[in-house]
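Asker: What follows is the residue order along each chain.
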Amino acid sequence: MERGEEKVITSAEQAKQDPTYLQALKELLYQLADDDFLVSFRGSEWLGLAPHIEEDVAFSSITQNTMGHALLFYQLLEELGEGKVDVLAHDRKPSERKNAIYLEKKNGEGHYTEEPYYDWALTVVRNYFYETFKKIKLEAITKSSYQPLANVAGKVLMEQPYHLAHWKLWFEQLYNSTDDARARLQTRIAEAWEEFGDVLELGPYATEMAHFELMISEVELRDRWLEEIELMLGTLPSRTLGKKYGSGREGEHTSDLDQAIEIFQDVYVSDEGAVW
Amino acid sequence: MQEQLDEIQAVLKTVDDPELPSVSVFDLGMVHDVKVIGGSVFITMTPTFAGCPALDFIQRDVKKAVEELEWVTDCEVQFSFQQKWSTDAITDEGKHQLKKHGVAPPPEDFQPGQKWTVNCPYCESNYTSMDNVFGPTACRSILYCQACKNPFEAMKPVVDYMS
Ligand SMILES: [Zn+2]
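The listed protein sequences correspond, in order, to chains C and Z. Every position in the first sequence, counted from 1, becomes a number in this note's numbering once 908 is added. Every position in the second sequence, counted from 1, becomes a number in this note's numbering once 13 is added.
Chain C with its partners taken away, still in its complex shape (with noise of 0.2 Å):
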């Protein structure tokens, strides 16, 4: 499987043919679920509490559809052999989960149950510079070479224009009403310059995705999405994106993924062998 033989690969059996494209393959999918499904969990948190009726309409069904899209990611790699999707969903380690730290970040302060003090100006930058990022690496992974997921891709890329616009038309809403309204997005703006770094990043297979044509370099994913950024902003902020907490892709995590799983485990455990 040399670069430019344009080798299309079109079953899990003939990925299962060579263990590094197989790896490389897993890696990328796990990366494609956990991210939908941290973002998506932290979505549903907020059911009931958005700011006002219509919002908190349109932000579940954006949630549910975002699990949707998780769950087409989870469903590929139980093809490969990777075990149940709901196992795959609820039962991982912290350690095996390949999500970006800065997607499983808490609203905010409190409890969902107690006193949830959400921070919706953090909800609207990270999902505005997550479903930029999304779009971006959907529409490469469309040229993938294993045909199954550039299919799925090219499927999850007819919903999603919907939830862009969404968290788009809140970004420029807010950023250009109240200095106070303001304010807040560019402490959130900042806060994710010094975190979203590992979201642009393809873990420790990203040399071999490239080679396989799985997907686009992380050079290029990361050029793609500053540009987007930069279309919006006007200006970038001046110091280099950071990962504070490292890199999720290497299946480094903080407590707030452990305060999550622990919820979703919950749910899971008591209601074992429910369907989605």
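For the record, the hints were derived by calculation from the structure and aren't laboratory data. Just to be clear, a hint being listed does not mean it is correct.
[What the hints assert, rightly or not] Just so you have them, the derived chain Z footprint on chain C, three or more residues with Cβ under 8 Å:
{"hint": "1", "stretch": "961-973"}
{"hint": "2", "stretch": "1063-1073"}
[As the list claims (entries may be wrong)] In silico EDC-like pairs for lysine to aspartate or glutamate, Cα to Cα no more than 16 Å straight-line:
{"hint": "3", "chain 1": "C", "residue 1": "Lys-1051", "chain 2": "Z", "residue 2": "Asp-173"}
{"hint": "4", "chain 1": "Z", "residue 1": "Lys-26", "chain 2": "Z", "residue 2": "Asp-105"}
{"hint": "5", "chain 1": "C", "residue 1": "Lys-1076", "chain 2": "C", "residue 2": "Glu-1138"}
{"hint": "6", "chain 1": "C", "residue 1": "Lys-1014", "chain 2": "C", "residue 2": "Asp-1164"}
{"hint": "7", "chain 1": "C", "residue 1": "Lys-1043", "chain 2": "Z", "residue 2": "Asp-173"}
{"hint": "8", "chain 1": "C", "residue 1": "Lys-1013", "chain 2": "C", "residue 2": "Glu-1103"}
The structure displayed is predicted, hence computed values, not measured ones. In this text, a Cβ means the ideal position worked out from N, Cα and C, and glycines have one as well.
Assemble the complex: chain C is given as a structure, and chain Z with the ligand must be docked to it using the hints.
Answerer: Coordinates of chain Z with the ligand only, in the frame set by chain C:
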């Protein structure tokens, strides 16, 4: 053979999407492929939106309905998540049924990224405004008719991004 397929199609026109009662899964364009081997029927379906919570019900209802045909011994229903469903797959009958129930069918010849509008399903006025792009499910939006002052829902246009 053709007769059997016709019978199955007739049955599929009676199974509704639980989220859009009175619109059949056939008219929504969700049926991708039907195979008959002896008394066994294999149906491949295309889900509309990912994460649509109704899929399990649809699977169950389709299986049950097809198995009621006398010559059918068993029916297997599978969703193919690699098939792309688009709103273009909705049949004319489907559009008619949607409208009858106050849901505007998606606009035709929609281009990705475009703004879209639909006519009011009650009075046909095009003087409508978008209240919420996301309705109760990801596949629907809430709009408001400025002419007859009715709120209504519309199916979001979903088309193949890459084509
Ligand atoms: Zn009207």
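Asker: Flag every earlier hint the structure violates by its number, smallest first.
Answerer: Result: no hint breaks.
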